[in-house]
Each structure stands twice: as structure tokens, then as C-alpha cells.
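Novice: This is what each chain is made of:
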Amino acid sequence: MKLETSAFLDKAKEALMETDKVQIRDFIGLFAPLARNAALGNFDKFDQLRDHVKQVKQHTLDNLDCYLGQFEQEAIENGNRVHFARDGDAMNEIVLSICQEHRAQRVIKGKSMVTEETALNDHLIRAGLEVTETDLGEYIIQQAGETPSHIVGPALHKTMPEIRQLFLDKHDLGPRELEGAPDLVAEARTMLRDHFLNADVGIVGSNALIAENGYSMLVTNEGNGDLCANLPPVLIICTTLDRVVPRAVDATAMLRMLVPSATSQAITCYTSFYSGPRRSNDPDGPMETHIVLLDNKRSDILDSNYREMLQCIRCGACLNHCPVYIGVGGHAYGSVYPGPMGSVLTPLLTSLAESHALPNACTTCGRCAEVCPANIPLPDLLRDLRRDESLQKLSPASWRFGTKFHAWLATHPWLYRTLTGLGIPLLHRLGRKRGAFRSLPMASAWTSHRDFPTPQGRTFFQQYKTADKQLDDR
Amino acid sequence: MSNEQSAHSSPEQPKRPQVALFVTCLADLFRPSVALDSIALLEQAGCDVDVPRLQTCCGQPGYNSGDYEATIPLARQFIEVFESADYVVIPSGSCAGMIKHHYPKLLQGEWRQRALDLAARTYELTCFLTSVAEMRRGTATPVELGRVTYHDSCAGLRELAIKEQPRKLLKELCHTDLVELEQTEVCCGFGGAFCAKMPELSTKMSTDKVDSAIATGAQIIAGGDLGCLMNIAGRARRMGHDIEVRHIAELLLGDRDGPGIGEGTG
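Same order as they appear, the protein sequences are chains A and B.
Quick note, in the numbering used here, the first sequence goes up one by one and the last residue is 474.
Quick note, in the numbering used here, the second sequence goes up one by one and the last residue is 266.
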């Protein structure tokens, strides 16, 4: 996906103008937290279990070489071929060469943010392959030529009438009504059926790689993941290094946090564990299976102060609870991963120079950290990124000078007192009648959209000094 | 300041809590009544209140902009000014959160220890008045407030678990019909420098907050953080609403003679 993070502010402003989309997002912002609360509000072990998940993740990351090695060995013993890809291009090349080796024409895909990250579809299509997304949301945005706006619900930004029109335009099925969601789902299902049956290669992602048995766990609701994994003769699992966990119980503990956080369900319709290719007495399954493990800067993150970001289990709860994400939607972020997790991850996967607007798209309200099932201190990481931004002089010089000057002045109390004692009463006299300024020369960002409340009068310390004097005089 | 004298009416108590008030820069500059009323409340609750002279700002502006280096001297200054007090009380959740949670992360070595020591004795105003020096109405007449809605500021809510404390005090000390905002735990869009860096987005959030406050039919929006309250009041004025916006310290004391935040005198 083309990185457009530097345009965050412009895209955010545009997004705020799209009234129908604002309504969808406001609904998500209202509904998703209520649903999550219904799923997890009464789960009294939430804090305990998320501490556990965090510890498991941290332990795994501390010993990642060991568990990756174990996973690779077990997976190979199960009959898989395991590939390591340093970056997105390497992953795309590995997948393409597997497809070419099998003279594949038709590829079907389950939902995978990793392949969004590497823009795998574009790569395969450029090489002449036909690639079909089979997750309903992914299918919709593929038809529309768009990118996901949410890591769990990629087409959450689409309205029902939009999807209806899209299907009427894209599916050559003659005149028909298409009234309501069931009709739309049924039509997508019909369209996808042939793709499932005729595919040469299936590609899916992974929610967890289990080191002790070499299995890959996949969580889905539509069943399309299993069709992609089992019907075509070749299966390719595309995922990243940080999905590995030591044991099967660790994967299921994570599952207990992932699903209610992601979709407010107790468990998804399908939780699948892929072991490897069809064995001699298996009635079905792929003949050949590959697991491609992408690094793409995860090793760098592992060695940095942002290691905790690798605990992320991609549930999307931080998006649903973030007022900035709800305000502007996923596309404004201009990268694959939006919302709080994306605002941390994107600068780390690309560069801070390109993406430093994102860590500023945060009010530090802390709601993301509150709901994070992996206990990632997202606001702290975002603040740390603003620190790097400041150290690398990427933020505007006026900001940097402003905060330095303010801090310097505030460490000189008497000078601070004198200056504020001069300025504040003046502001009071200018604005006391109306009580608020409609415009202020130095605060136009504030006064462009809201009044600036006038100071009440003299400063507290001016008044307090006077009160003391009166006491002394008595 | 009608309540000033009442503090000295019970000298026979064994030891009155010695409280140092951190006024906060916003109350110092924009709304001194918040600090004056906080002093009065603390004195009513049986405390001796001191306001250290060398205090300025807790350092949040620089800290949240990522300038940790510039914030460290401010944090040290704060610790030096306040560490001799039994308790530090702050009429702001975000400033109290800064001292309690962020100073210990920002500082190292001996300073970190001093920060932790001070953090344990630092309280947001409504927390202090419900846990350390408990505020009771006693025989005093309750303050008449009418319909009030309380805005939970994010730092207070999530860093200090301030939720019931202000509501409890409002119910205990005032006659009020307390109504809740829809999505009361969602940010008002202030976010310190955020509102200046991303004004359109901030405005969307502030508008939502004002809309939901108006929808409650409340006459008063109360809160514990002046940053949020100035933002909400400023947006409400621009939208043409004259809903009264006040800090909880003013309301608990019934100090409503002067204009609310963003209201004029004439």
C-alpha cells in the first residue's frame, strides 16, 4: 500500500466533511464499546488474563530466536516448508515463485493484514495472476479498489447502498433487486463459490504460530479461511515473526482475549489449527503447504524501546475506542494499520520522518490502553515517538522552541509570576465583558473553532499576595 | 471567601492534615476561584493549607509534546517545592496524574525515589476529600445546583480512577439532579497541544461533547480539569449555547456569583 501518512491532517479534514461516513463511524464509536463491554464487562479475570497474555508475549519475545527455531523445526516435521522473508518484497517474491513453480493462475485469499502490508496482491496481479479476496469485507473493498479502513472489519466504512451499487456494477448477473444484507451476502457467496473450487493456490494469515507443535491458528467467522486453506492444492500461510507463542495453551489463552476484544463474541465461528499438508490417509487438504515468516523491521522493533508493540494481537479494540480513529476513520491514516496501534506501528515499519503526524493524532486519553487485551501502554509509546520526533527535529521549530521556552520560564518562578501578572490582567480587561474571545492573535488554532475563555481577573498569586498583606497589616 | 474563618474553629483536634495546594497553572492564570475555593473546601475538611510560592507548572505541555529533557527540571522543581508537605492536593486530574504516574517514569536514581515518595502523598482534590479528609455537609445548608452533568476527564478517570468521588461529593454537599452524559468516558477533544495541532478533529470531539451535554437538559457542566472545561465552554459559546461550565470546587462551595467559564460580565 502506498504510504500517505504525511497527509494525515488534510485527509482527516476531508474525512470530517463526509457526513454519511461520519455517521457510520459515530455508530461504531457508540456500538463497539458497548458490545465489548457486554462481552468482557463481567469477565472478572480480564486484568489477570491480560497480564498473563502480556507475560507470555514478553517471554516469547525475550526468547524469540529459540521459539522461532522450535516452530520452524516442528512445522517442517509436519511436512510444511518454512520461509523467512526479510522484508515485504522478499515475501512477495517467495509467494510469487511458489505460485509460478505450480504454474498457478488463480489465487484465493483469506483476510490478512500482513499481505496488505507487503501489497502482495499488486505483486501477484502484475505477474499475471488472478487474485480474489474471499473475506466478505476484503472482497467488497477489492471490488471497490479500496484499502481496508479497519484491521478487523476492512469494509466498515462502506454503507449498504454503496455495497449494493458496487455489486450491481461489478457482477454481471442481470437485473435484480438486492434488498438488504442477506441478498448481498448471498450474491457474494455465489460469486465466490467458483473461485474457491477453481483456485490453484490459497493464501491465509495466522493469529498464532504454536512452537511446541508447529501449528498455525486462524480465527475467522465466515469459513472462507478454511476453504482457502483446504480446497486448493497449495496453501501458503503469510504471517510475521511476532505471531509465535510457545504452547497451544498460550494460543488459546490469547484467543480468550482476542475474540471478545475484536468482535465481542465469546468465540468466533471457526477456530482452525493448520498442521501441514494432507497426510496419506487424509480425505482432503492441500498437497503442499508453505509458511512464510515476514520480518519487515520486527527485529528492529524487538531491539528498540518499542518492543511492547510486538505484544499486539491485532484485535482492533484500540481503533474502536479511539476518538481520533472514530473521528476520521482508517483511511485518513494513509497506512495499512490505523488507530492507536497503527500510529505506533507505522512509524516503526516505515520511518518517523514520513509518519510523524500519526503519533500526534492522539489526545492521550488512554482509552486504547484501558481496553488493550495485551496491555500495551499505547499512549506512552505514542508520547515516546513524539520524543523521537522532537529529538530528530521533525516537529515544527516553533513548537519545539515554544515548549522549551515554556519549561524554561516555568523554572524561573519570579519571572513567570511577573510576566503572567502583566499579561493576564490585560487579557481580562480586554475580554471580561463578553467572557470569551472570538479570536486571539497567538491562539488562532483554538479560536478558529471555539471561543477562548477570558481570565477571571488577576492571577491567583496576585490575589493571594494581596490577601497575605491584608493579614500582615492586621 | 465567607468560609475562610471556619477553618480555625476546631483547634482541639490532635493533628490537622498539613496540605500543600498545587494551584495548577490554568487555575492560577485563568480561574483563581478554583484555587481559592479548593483552599476553602480543604479548610472546611479540617486541613491546614499552604500554597508554596515557588510553584508554577507541572510540565505536562513539554512532556506530552515529547520534550522530556525540558520537563525534568520542572519535575525536580516541583518535588523540591512540595516534598516537605504531608499531602499535596491538586484541583486537576491530569496534573495529579502527571505527578503520581509520570514523574517516577521521567526521573531516575535518587530523584525517582523522591518522586515515588511524593506521588504516594499526592491527591486530586475530590479523591482527597473522599478518602483522606472526608468532607461532610454537617449542619450546613446544601448548595442548590439544579440539574448538573459531570464530565469525566480522561487523565483523572484512567490514571487516578476518579469516577464516583466527585459524584459522591456533589450528592453529599449539594442538592442536585445529577444526570450522566452519553459516552461520558469519551475524550472532549482537548488533549493539551492536540487541540492546537489538530483543531478540526478536536472540534468534532468537542462538538459531540457539547451536544450530549445539551441533550441531558443540564444547566451546569461540571468537571475536575480546567483544560477540558475551557475547551468545552469555548466550544459551547461558539455553538451559541449559554450552558454554565464550572469546576467542581466552585460548585461544592456554591461559589456561583461570578460568571462561569467563558461567560461575560455584561
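Just so you know, the hints here were simulated from the structure itself, not pulled from any lab data.
Among the hints, erroneous ones may be present.
[Unchecked claim] Calculated pairs, DMTMM-like style, for lysine to aspartate or glutamate (alpha carbon to alpha carbon, straight line, at most 20 angstroms):
1. Lys465/A x Asp242/B
2. Lys393/A x Glu69/B
3. Lys433/A x Asp242/B
4. Lys21/A x Asp211/B
5. Lys11/A x Asp242/B
6. Lys168/B x Glu308/A
7. Lys197/B x Glu308/A
8. Lys197/B x Asp380/A
9. Lys433/A x Asp257/B
10. Lys404/A x Glu69/B
11. Lys197/B x Glu370/A
12. Lys105/B x Asp380/A
13. Lys168/B x Glu370/A
14. Lys163/B x Asp388/A
15. Lys163/B x Glu308/A
16. Lys105/B x Asp10/A
17. Lys105/B x Glu4/A
18. Lys21/A x Glu200/B
19. Lys13/A x Glu200/B
20. Lys465/A x Asp48/B
[Unchecked claim] Coverage of chain B stretches by chain A, computed from C-beta distances (three or more under 8 angstroms per stretch; other residues unrestricted):
21. 56–67
22. 107–115
23. 233–246
[Unchecked claim] Covered stretches of chain B, as calculated for chain A (at least 3 residues, CB under 8 angstroms):
24. 132–143
25. 160–173
Glycine is no exception: its CB is placed at the ideal position from the N, C-alpha and C atoms.
Novice: Kindly indicate which numbered hints from before are broken by the structure, ordering the numbers from low to high.
Specialist: Hint check: 1, 5, 6, 7, 11, 13, 14, 15, 16, 17, 22, 24 and 25 fail, others pass.
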